[in-house]
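Trainee: Work the whole structure out from these sequences, hints included.
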Amino acid sequence: MSEIPKAYESGKIEKKWYDFWLKQGYFSPKIDHKKKPFVIIMPPPNVTGELHLGHALTATLEDIMVRWHRMKGEPTLWLPGTDHAGIATQVVVEQQLAKQGQTKEEIGREEFMKLTWEWADKSREDIRHQHQLLGASCDWTREKFTLDKGPSKAVRTAFVRLYNKGLIYRGERMINWCPRCQTALSDLEVVHKDVMGHLYYIRYPLTQSEGFVTVATTRPETFLGDTAVAVNPEDERYKNLVGKSVILPIIDKKILIIADDAVDTSFGTGALKITPAHDTTDFEVAQRHNLPLVDIMNPDATMNENAGPYQGLERFVCRDRVLADLEDKKLLEKIEPYSHSVGHCCRCQTMVEPKVSLQWFVQTEPLAKAAIEVVKDGRIKIIPERFTKIYFDWMENIRDWCISRQLW
134 MSEIPKAYES GKIEKKWYDF WLKQGYFSPK IDHKKKPFVI IMPPPNVTGE
184 LHLGHALTAT LEDIMVRWHR MKGEPTLWLP GTDHAGIATQ VVVEQQLAKQ
234 GQTKEEIGRE EFMKLTWEWA DKSREDIRHQ HQLLGASCDW TREKFTLDKG
284 PSKAVRTAFV RLYNKGLIYR GERMINWCPR CQTALSDLEV VHKDVMGHLY
334 YIRYPLTQSE GFVTVATTRP ETFLGDTAVA VNPEDERYKN LVGKSVILPI
384 IDKKILIIAD DAVDTSFGTG ALKITPAHDT TDFEVAQRHN LPLVDIMNPD
434 ATMNENAGPY QGLERFVCRD RVLADLEDKK LLEKIEPYSH SVGHCCRCQT
484 MVEPKVSLQW FVQTEPLAKA AIEVVKDGRI KIIPERFTKI YFDWMENIRD
534 WCISRQLW
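Here the numbering used here is used: the first residue of the sequence shown is 134, the next is one more, and so on.
It is worth saying that the hints were derived from the structure and are not from the lab. Mixed in with the good hints, there may be bad ones.
The list that follows gives simulated cross-link-like pairs (lysine-lysine, DSSO-like), each with its CA atoms no further than 27 Å apart [as the list claims (entries may be wrong)]:
1) K298 with K509
2) K168 with K205
3) K522 with K169
4) K326 with K148
5) K139 with K149
6) K277 with K163
7) K148 with K163
8) K205 with K163
9) K277 with K169
10) K205 with K167
11) K277 with K168
12) K156 with K145
13) K247 with K205
14) K255 with K237
15) K237 with K247
16) K148 with K277
Mentor: Structure follows, in C-alpha coordinates:
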(Lines of atoms letter the chains of each structure in order from A; the text may use other names.)
(Lines give C-alpha, C1' and ligand atoms only; values in the text may rest on other atoms or scores of the structure.)
Protein backbone atom coordinates (compact mmCIF):
# COMPACT_ATOMS: atom_id res chain seq x y z
CA MET A 134 0.00 0.00 0.00
CA SER A 135 1.28 3.50 -0.86
CA GLU A 136 1.40 6.06 1.89
CA ILE A 137 -0.67 9.22 1.85
CA PRO A 138 1.68 12.13 1.03
CA LYS A 139 2.49 14.38 3.99
CA ALA A 140 1.62 17.47 1.92
CA TYR A 141 -1.30 17.88 -0.47
CA GLU A 142 0.05 18.20 -4.02
CA SER A 143 -2.72 19.93 -5.96
CA GLY A 144 -0.99 19.59 -9.34
CA LYS A 145 -1.06 15.79 -9.18
CA ILE A 146 -4.66 15.52 -8.00
CA GLU A 147 -6.85 18.35 -9.24
CA LYS A 148 -6.10 18.31 -12.97
CA LYS A 149 -6.74 14.56 -13.14
CA TRP A 150 -10.18 14.85 -11.56
CA TYR A 151 -11.14 18.07 -13.35
CA ASP A 152 -10.35 16.46 -16.71
CA PHE A 153 -12.41 13.43 -15.64
CA TRP A 154 -15.38 15.66 -14.73
CA LEU A 155 -15.16 17.41 -18.11
CA LYS A 156 -15.01 14.11 -20.06
CA GLN A 157 -18.03 12.78 -18.19
CA GLY A 158 -19.97 15.98 -19.02
CA TYR A 159 -20.82 16.60 -15.38
CA PHE A 160 -20.96 20.39 -15.88
CA SER A 161 -23.35 20.26 -18.87
CA PRO A 162 -26.94 20.17 -17.60
CA LYS A 163 -29.53 17.74 -18.94
CA ILE A 164 -32.80 19.51 -19.67
CA ASP A 165 -35.68 18.26 -17.51
CA HIS A 166 -38.93 20.19 -17.98
CA LYS A 167 -40.32 18.78 -14.74
CA LYS A 168 -37.61 20.46 -12.69
CA LYS A 169 -36.90 24.15 -12.17
CA PRO A 170 -33.45 24.98 -13.58
CA PHE A 171 -30.77 27.02 -11.81
CA VAL A 172 -28.67 29.29 -14.02
CA ILE A 173 -25.80 31.70 -13.39
CA ILE A 174 -24.23 33.76 -16.16
CA MET A 175 -20.65 34.49 -15.13
CA PRO A 176 -19.92 38.24 -15.00
CA PRO A 177 -17.46 38.07 -17.90
CA PRO A 178 -13.87 39.02 -17.01
CA ASN A 179 -12.25 41.62 -19.28
CA VAL A 180 -9.78 40.27 -21.85
CA THR A 181 -7.16 42.70 -20.58
CA GLY A 182 -4.84 40.06 -19.14
CA GLU A 183 -5.16 37.46 -16.41
CA LEU A 184 -7.60 36.92 -13.56
CA HIS A 185 -7.02 38.60 -10.20
CA LEU A 186 -8.10 37.87 -6.64
CA GLY A 187 -11.50 39.50 -7.14
CA HIS A 188 -12.25 37.10 -10.01
CA ALA A 189 -11.14 34.17 -7.84
CA LEU A 190 -13.53 35.23 -5.07
CA THR A 191 -16.44 35.67 -7.51
CA ALA A 192 -15.77 32.27 -9.09
CA THR A 193 -15.59 30.60 -5.68
CA LEU A 194 -18.91 32.03 -4.49
CA GLU A 195 -20.65 31.14 -7.76
CA ASP A 196 -19.16 27.65 -7.76
CA ILE A 197 -20.53 27.05 -4.24
CA MET A 198 -24.05 27.96 -5.37
CA VAL A 199 -23.80 26.01 -8.62
CA ARG A 200 -22.55 22.79 -6.95
CA TRP A 201 -25.24 23.06 -4.24
CA HIS A 202 -28.07 23.27 -6.80
CA ARG A 203 -26.49 20.53 -8.89
CA MET A 204 -26.42 18.23 -5.84
CA LYS A 205 -30.12 19.02 -5.26
CA GLY A 206 -30.76 17.38 -8.62
CA GLU A 207 -31.72 20.58 -10.47
CA PRO A 208 -30.67 21.11 -14.11
CA THR A 209 -27.84 23.56 -13.35
CA LEU A 210 -26.00 25.79 -15.80
CA TRP A 211 -23.05 28.04 -15.03
CA LEU A 212 -22.39 29.88 -18.29
CA PRO A 213 -18.77 31.05 -18.67
CA GLY A 214 -17.58 33.90 -20.86
CA THR A 215 -15.28 36.85 -21.37
CA ASP A 216 -15.82 40.53 -22.20
CA HIS A 217 -14.16 42.44 -25.04
CA ALA A 218 -13.89 45.50 -22.72
CA GLY A 219 -13.40 47.97 -25.56
CA ILE A 220 -11.64 50.93 -23.90
CA ALA A 221 -9.64 48.86 -21.40
CA THR A 222 -8.40 46.41 -24.04
CA GLN A 223 -7.50 49.22 -26.44
CA VAL A 224 -5.41 50.87 -23.67
CA VAL A 225 -3.61 47.59 -22.88
CA VAL A 226 -2.68 46.98 -26.54
CA GLU A 227 -1.55 50.61 -26.86
CA GLN A 228 0.70 50.07 -23.84
CA GLN A 229 2.20 47.00 -25.52
CA LEU A 230 2.89 49.09 -28.62
CA ALA A 231 4.44 51.87 -26.54
CA LYS A 232 7.04 49.41 -25.21
CA GLN A 233 8.13 49.00 -28.83
CA GLY A 234 8.17 52.76 -29.40
CA GLN A 235 5.02 52.72 -31.55
CA THR A 236 1.52 54.18 -31.48
CA LYS A 237 -1.74 52.89 -32.95
CA GLU A 238 -1.82 55.87 -35.32
CA GLU A 239 1.60 54.90 -36.72
CA ILE A 240 0.63 51.29 -37.50
CA GLY A 241 -2.88 52.11 -38.70
CA ARG A 242 -6.31 50.83 -37.73
CA GLU A 243 -6.21 47.53 -39.65
CA GLU A 244 -2.94 46.39 -38.07
CA PHE A 245 -4.07 47.62 -34.66
CA MET A 246 -7.30 45.58 -34.93
CA LYS A 247 -5.26 42.50 -35.86
CA LEU A 248 -3.02 42.93 -32.79
CA THR A 249 -6.06 43.51 -30.56
CA TRP A 250 -7.73 40.28 -31.72
CA GLU A 251 -4.47 38.37 -31.11
CA TRP A 252 -4.32 39.81 -27.60
CA ALA A 253 -7.99 39.04 -26.91
CA ASP A 254 -7.67 35.42 -28.11
CA LYS A 255 -4.61 34.80 -25.90
CA SER A 256 -6.22 36.50 -22.92
CA ARG A 257 -9.41 34.43 -23.31
CA GLU A 258 -7.34 31.24 -23.36
CA ASP A 259 -5.43 32.29 -20.22
CA ILE A 260 -8.66 33.22 -18.39
CA ARG A 261 -10.28 29.89 -19.31
CA HIS A 262 -7.21 27.99 -18.08
CA GLN A 263 -7.13 29.91 -14.80
CA HIS A 264 -10.83 29.26 -14.13
CA GLN A 265 -10.25 25.58 -14.77
CA LEU A 266 -7.27 25.55 -12.38
CA LEU A 267 -9.62 26.99 -9.76
CA GLY A 268 -11.95 24.03 -10.38
CA ALA A 269 -14.80 26.23 -11.65
CA SER A 270 -17.61 23.86 -12.69
CA CYS A 271 -18.75 25.85 -15.74
CA ASP A 272 -20.28 24.33 -18.85
CA TRP A 273 -17.32 25.04 -21.15
CA THR A 274 -19.23 23.70 -24.17
CA ARG A 275 -21.32 26.89 -23.99
CA GLU A 276 -18.49 29.42 -23.40
CA LYS A 277 -19.22 32.84 -24.91
CA PHE A 278 -17.32 35.99 -25.87
CA THR A 279 -19.22 39.29 -25.96
CA LEU A 280 -18.29 39.82 -29.63
CA ASP A 281 -19.50 36.35 -30.68
CA LYS A 282 -22.32 36.27 -33.22
CA GLY A 283 -25.05 35.42 -30.68
CA PRO A 284 -24.25 38.04 -28.01
CA SER A 285 -23.62 40.68 -30.70
CA LYS A 286 -27.08 40.09 -32.16
CA ALA A 287 -28.58 40.18 -28.66
CA VAL A 288 -27.00 43.60 -28.09
CA ARG A 289 -28.40 44.97 -31.35
CA THR A 290 -31.82 43.50 -30.57
CA ALA A 291 -31.86 45.06 -27.09
CA PHE A 292 -30.72 48.40 -28.55
CA VAL A 293 -33.57 48.47 -31.09
CA ARG A 294 -36.17 47.45 -28.49
CA LEU A 295 -35.04 50.17 -26.08
CA TYR A 296 -34.98 52.71 -28.93
CA ASN A 297 -38.52 51.77 -29.97
CA LYS A 298 -39.67 52.22 -26.37
CA GLY A 299 -38.13 55.71 -26.31
CA LEU A 300 -35.54 54.66 -23.73
CA ILE A 301 -32.58 55.18 -26.07
CA TYR A 302 -32.10 58.49 -27.83
CA ARG A 303 -29.40 60.46 -29.62
CA GLY A 304 -28.72 64.04 -28.64
CA GLU A 305 -26.26 66.77 -27.73
CA ARG A 306 -25.61 66.55 -24.03
CA MET A 307 -22.78 67.04 -21.56
CA ILE A 308 -20.48 64.02 -21.45
CA ASN A 309 -17.13 62.99 -20.01
CA TRP A 310 -14.49 63.04 -22.77
CA CYS A 311 -11.06 61.40 -22.46
CA PRO A 312 -8.62 63.35 -24.68
CA ARG A 313 -6.09 60.49 -24.69
CA CYS A 314 -8.46 57.60 -25.46
CA GLN A 315 -10.51 60.09 -27.54
CA THR A 316 -13.83 58.60 -26.56
CA ALA A 317 -16.90 59.43 -24.52
CA LEU A 318 -17.03 57.80 -21.07
CA SER A 319 -19.97 56.96 -18.83
CA ASP A 320 -20.08 58.48 -15.34
CA LEU A 321 -18.98 55.11 -13.92
CA GLU A 322 -15.78 55.20 -16.00
CA VAL A 323 -14.65 58.46 -14.40
CA VAL A 324 -12.63 58.40 -11.17
CA HIS A 325 -12.73 61.62 -9.17
CA LYS A 326 -9.50 62.58 -7.43
CA ASP A 327 -8.79 65.47 -5.06
CA VAL A 328 -6.31 67.73 -6.82
CA MET A 329 -4.48 70.73 -5.36
CA GLY A 330 -4.98 73.40 -7.99
CA HIS A 331 -5.68 77.12 -8.01
CA LEU A 332 -8.58 79.53 -8.10
CA TYR A 333 -7.93 82.25 -10.67
CA TYR A 334 -9.75 85.58 -10.30
CA ILE A 335 -10.32 87.18 -13.73
CA ARG A 336 -11.69 90.69 -14.33
CA TYR A 337 -14.36 91.12 -17.00
CA PRO A 338 -14.65 94.85 -17.91
CA LEU A 339 -18.15 96.33 -17.83
CA THR A 340 -19.32 97.72 -21.18
CA GLN A 341 -21.53 100.58 -19.97
CA SER A 342 -19.48 101.94 -17.11
CA GLU A 343 -16.07 101.87 -15.47
CA GLY A 344 -15.12 98.83 -13.43
CA PHE A 345 -15.16 95.06 -13.62
CA VAL A 346 -17.04 91.97 -12.65
CA THR A 347 -14.48 89.55 -11.21
CA VAL A 348 -15.12 85.82 -11.62
CA ALA A 349 -13.22 82.95 -9.99
CA THR A 350 -12.41 79.78 -11.96
CA THR A 351 -10.24 76.70 -11.71
CA ARG A 352 -9.97 76.45 -15.52
CA PRO A 353 -9.04 79.85 -16.97
CA GLU A 354 -8.38 78.38 -20.44
CA THR A 355 -12.12 77.70 -20.86
CA PHE A 356 -13.11 81.37 -20.52
CA LEU A 357 -12.64 81.59 -24.30
CA GLY A 358 -15.94 79.68 -24.58
CA ASP A 359 -17.89 81.87 -22.14
CA THR A 360 -21.29 83.06 -23.32
CA ALA A 361 -22.47 84.82 -20.12
CA VAL A 362 -21.59 85.76 -16.55
CA ALA A 363 -24.16 84.57 -13.99
CA VAL A 364 -24.98 85.87 -10.51
CA ASN A 365 -27.52 84.72 -7.95
CA PRO A 366 -30.79 86.73 -8.21
CA GLU A 367 -30.75 87.24 -4.42
CA ASP A 368 -27.18 88.59 -4.36
CA GLU A 369 -27.45 92.30 -3.51
CA ARG A 370 -23.90 92.96 -4.77
CA TYR A 371 -24.89 92.36 -8.38
CA LYS A 372 -28.63 93.11 -8.65
CA ASN A 373 -28.04 96.40 -10.48
CA LEU A 374 -25.82 94.63 -13.07
CA VAL A 375 -28.27 91.93 -14.21
CA GLY A 376 -29.17 92.51 -17.86
CA LYS A 377 -26.04 94.53 -18.52
CA SER A 378 -22.95 93.18 -20.27
CA VAL A 379 -19.21 92.69 -19.90
CA ILE A 380 -16.36 92.28 -22.34
CA LEU A 381 -14.73 88.86 -22.57
CA PRO A 382 -11.03 89.69 -22.15
CA ILE A 383 -8.48 89.25 -24.94
CA ILE A 384 -11.00 88.24 -27.63
CA ASP A 385 -13.15 91.34 -26.91
CA LYS A 386 -16.57 89.72 -27.15
CA LYS A 387 -19.63 91.23 -25.43
CA ILE A 388 -21.53 88.79 -23.16
CA LEU A 389 -24.58 89.29 -20.89
CA ILE A 390 -24.81 89.27 -17.11
CA ILE A 391 -27.68 86.96 -16.14
CA ALA A 392 -29.31 85.85 -12.88
CA ASP A 393 -29.68 82.16 -12.01
CA ASP A 394 -30.32 80.23 -8.78
CA ALA A 395 -27.52 77.77 -9.62
CA VAL A 396 -24.89 80.34 -8.63
CA ASP A 397 -23.38 79.74 -5.18
CA THR A 398 -22.88 83.16 -3.59
CA SER A 399 -20.16 81.80 -1.28
CA PHE A 400 -17.93 80.49 -4.09
CA GLY A 401 -15.22 82.88 -5.24
CA THR A 402 -16.75 86.31 -5.84
CA GLY A 403 -20.33 85.07 -6.28
CA ALA A 404 -20.12 85.73 -10.04
CA LEU A 405 -19.81 82.65 -12.26
CA LYS A 406 -18.43 82.46 -15.78
CA ILE A 407 -20.80 80.42 -17.95
CA THR A 408 -19.03 78.10 -20.40
CA PRO A 409 -21.93 75.92 -21.59
CA ALA A 410 -19.94 73.58 -23.85
CA HIS A 411 -17.41 72.67 -21.14
CA ASP A 412 -19.17 72.46 -17.77
CA THR A 413 -22.21 70.48 -16.58
CA THR A 414 -23.73 73.24 -14.42
CA ASP A 415 -23.04 75.86 -17.09
CA PHE A 416 -24.74 73.69 -19.71
CA GLU A 417 -27.90 73.51 -17.56
CA VAL A 418 -27.82 77.28 -16.98
CA ALA A 419 -27.43 77.81 -20.74
CA GLN A 420 -30.48 75.65 -21.43
CA ARG A 421 -32.60 77.80 -19.10
CA HIS A 422 -31.39 81.08 -20.62
CA ASN A 423 -31.13 80.00 -24.26
CA LEU A 424 -27.39 80.74 -24.41
CA PRO A 425 -25.23 79.58 -27.35
CA LEU A 426 -22.69 76.75 -26.93
CA VAL A 427 -19.12 77.54 -27.98
CA ASP A 428 -16.85 74.47 -28.15
CA ILE A 429 -13.23 75.61 -27.92
CA MET A 430 -11.44 72.23 -27.93
CA ASN A 431 -10.47 69.59 -30.46
CA PRO A 432 -10.90 65.90 -29.49
CA ASP A 433 -7.25 65.74 -28.35
CA ALA A 434 -7.74 68.71 -25.96
CA THR A 435 -5.90 71.19 -28.16
CA MET A 436 -7.64 74.49 -28.76
CA ASN A 437 -9.71 74.86 -31.94
CA GLU A 438 -10.55 77.84 -34.16
CA ASN A 439 -13.04 79.19 -31.56
CA ALA A 440 -10.11 79.81 -29.20
CA GLY A 441 -8.91 82.73 -31.34
CA PRO A 442 -5.19 83.46 -30.87
CA TYR A 443 -4.71 80.25 -28.85
CA GLN A 444 -5.74 77.86 -31.64
CA GLY A 445 -3.54 74.74 -31.74
CA LEU A 446 -2.24 75.00 -28.18
CA GLU A 447 -2.56 72.04 -25.79
CA ARG A 448 -5.08 72.85 -23.01
CA PHE A 449 -2.55 73.35 -20.18
CA VAL A 450 -0.11 75.25 -22.40
CA CYS A 451 -3.07 77.44 -23.34
CA ARG A 452 -3.82 77.98 -19.62
CA ASP A 453 -0.31 79.33 -19.01
CA ARG A 454 -0.48 81.58 -22.09
CA VAL A 455 -3.94 82.91 -21.12
CA LEU A 456 -2.78 83.71 -17.58
CA ALA A 457 0.29 85.55 -18.88
CA ASP A 458 -1.84 87.59 -21.30
CA LEU A 459 -4.41 88.44 -18.61
CA GLU A 460 -1.63 89.56 -16.30
CA ASP A 461 -0.18 91.79 -19.03
CA LYS A 462 -3.59 93.45 -19.41
CA LYS A 463 -3.98 93.84 -15.61
CA LEU A 464 -7.05 91.57 -15.76
CA LEU A 465 -5.74 88.79 -13.48
CA GLU A 466 -6.72 89.98 -10.02
CA LYS A 467 -5.22 87.20 -7.89
CA ILE A 468 -4.49 83.46 -7.66
CA GLU A 469 -5.29 81.31 -4.62
CA PRO A 470 -4.46 77.66 -3.83
CA TYR A 471 -7.61 75.55 -4.13
CA SER A 472 -8.25 71.84 -3.59
CA HIS A 473 -11.04 70.35 -5.69
CA SER A 474 -12.28 67.04 -7.11
CA VAL A 475 -11.34 66.41 -10.73
CA GLY A 476 -12.52 63.54 -12.97
CA HIS A 477 -9.95 61.20 -14.54
CA CYS A 478 -10.33 58.38 -17.06
CA CYS A 479 -10.34 55.15 -15.06
CA ARG A 480 -8.40 53.36 -17.84
CA CYS A 481 -5.53 55.75 -18.61
CA GLN A 482 -5.77 58.25 -15.70
CA THR A 483 -5.95 61.26 -18.06
CA MET A 484 -7.91 64.26 -16.76
CA VAL A 485 -11.28 64.17 -18.53
CA GLU A 486 -12.90 67.15 -20.21
CA PRO A 487 -16.61 67.85 -19.65
CA LYS A 488 -17.84 68.44 -23.20
CA VAL A 489 -21.12 68.81 -25.06
CA SER A 490 -21.23 66.14 -27.73
CA LEU A 491 -23.68 64.31 -29.99
CA GLN A 492 -23.93 60.81 -28.46
CA TRP A 493 -26.36 57.97 -27.73
CA PHE A 494 -27.95 57.87 -24.28
CA VAL A 495 -30.19 55.57 -22.23
CA GLN A 496 -33.03 57.35 -20.43
CA THR A 497 -32.40 56.02 -16.92
CA GLU A 498 -35.23 57.43 -14.78
CA PRO A 499 -37.98 54.91 -15.76
CA LEU A 500 -35.51 52.02 -15.48
CA ALA A 501 -34.24 53.23 -12.11
CA LYS A 502 -37.82 53.59 -10.83
CA ALA A 503 -38.50 49.89 -11.37
CA ALA A 504 -35.13 48.95 -9.83
CA ILE A 505 -35.94 51.03 -6.73
CA GLU A 506 -39.38 49.42 -6.30
CA VAL A 507 -38.14 45.80 -6.24
CA VAL A 508 -35.75 46.63 -3.38
CA LYS A 509 -38.31 48.68 -1.45
CA ASP A 510 -40.96 45.93 -1.60
CA GLY A 511 -38.44 43.24 -0.60
CA ARG A 512 -38.34 41.23 -3.84
CA ILE A 513 -34.60 41.91 -3.96
CA LYS A 514 -32.51 42.10 -0.79
CA ILE A 515 -29.10 43.79 -0.72
CA ILE A 516 -26.46 42.17 1.49
CA PRO A 517 -24.96 43.68 3.63
CA GLU A 518 -28.00 45.86 4.31
CA ARG A 519 -25.98 49.05 4.87
CA PHE A 520 -25.44 49.17 1.09
CA THR A 521 -29.19 49.61 0.55
CA LYS A 522 -28.94 53.32 1.40
CA ILE A 523 -26.00 53.74 -1.01
CA TYR A 524 -28.04 51.92 -3.68
CA PHE A 525 -31.04 54.26 -3.23
CA ASP A 526 -28.80 57.35 -3.25
CA TRP A 527 -27.27 56.21 -6.53
CA MET A 528 -30.52 55.16 -8.19
CA GLU A 529 -32.48 58.25 -7.14
CA ASN A 530 -29.79 60.64 -8.45
CA ILE A 531 -28.86 58.74 -11.60
CA ARG A 532 -28.33 60.67 -14.83
CA ASP A 533 -28.97 59.51 -18.38
CA TRP A 534 -26.27 57.03 -19.34
CA CYS A 535 -23.97 57.75 -22.28
CA ILE A 536 -23.59 54.44 -24.17
CA SER A 537 -21.71 55.38 -27.36
CA ARG A 538 -17.92 55.14 -27.63
CA GLN A 539 -15.41 56.28 -30.23
CA LEU A 540 -13.04 53.30 -30.32
CA TRP A 541 -11.00 51.80 -33.13
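Trainee: The structure should be examined with respect to each hint, and the outcome stated for every one.
Mentor: Taking the hints in turn, this is what the structure says about them:
1. K298 with K509: Holds, at roughly 25 Å.
2. K168 with K205: 11 Å, holds
3. K522 with K169: At roughly 33 Å apart (the allowed maximum being 27 Å), K169 and K522 break the hint.
4. K326 with K148: Violated, at roughly 45 Å.
5. K139 with K149: 19 Å, holds
6. K277 with K163: 19 Å, holds
7. K148 with K163: The given pair, whose Cα atoms are some 24 Å apart, holds under the 27 Å limit.
8. K205 with K163: 14 Å, holds
9. K277 with K169: 23 Å, holds
10. K205 with K167: Answer holds: K205 to K167 is near 14 Å, not above 27 Å.
11. K277 with K168: 25 Å, holds
12. K156 with K145: 18 Å, holds
13. K247 with K205: 46 Å, violated
14. K255 with K237: Satisfied, since the Cα-Cα distance of roughly 20 Å is no more than 27 Å.
15. K237 with K247: 11 Å, holds
16. K148 with K277: 23 Å, holds
The structure fails to meet hints 3, 4 and 13 from the earlier list, while all remaining hints are met.
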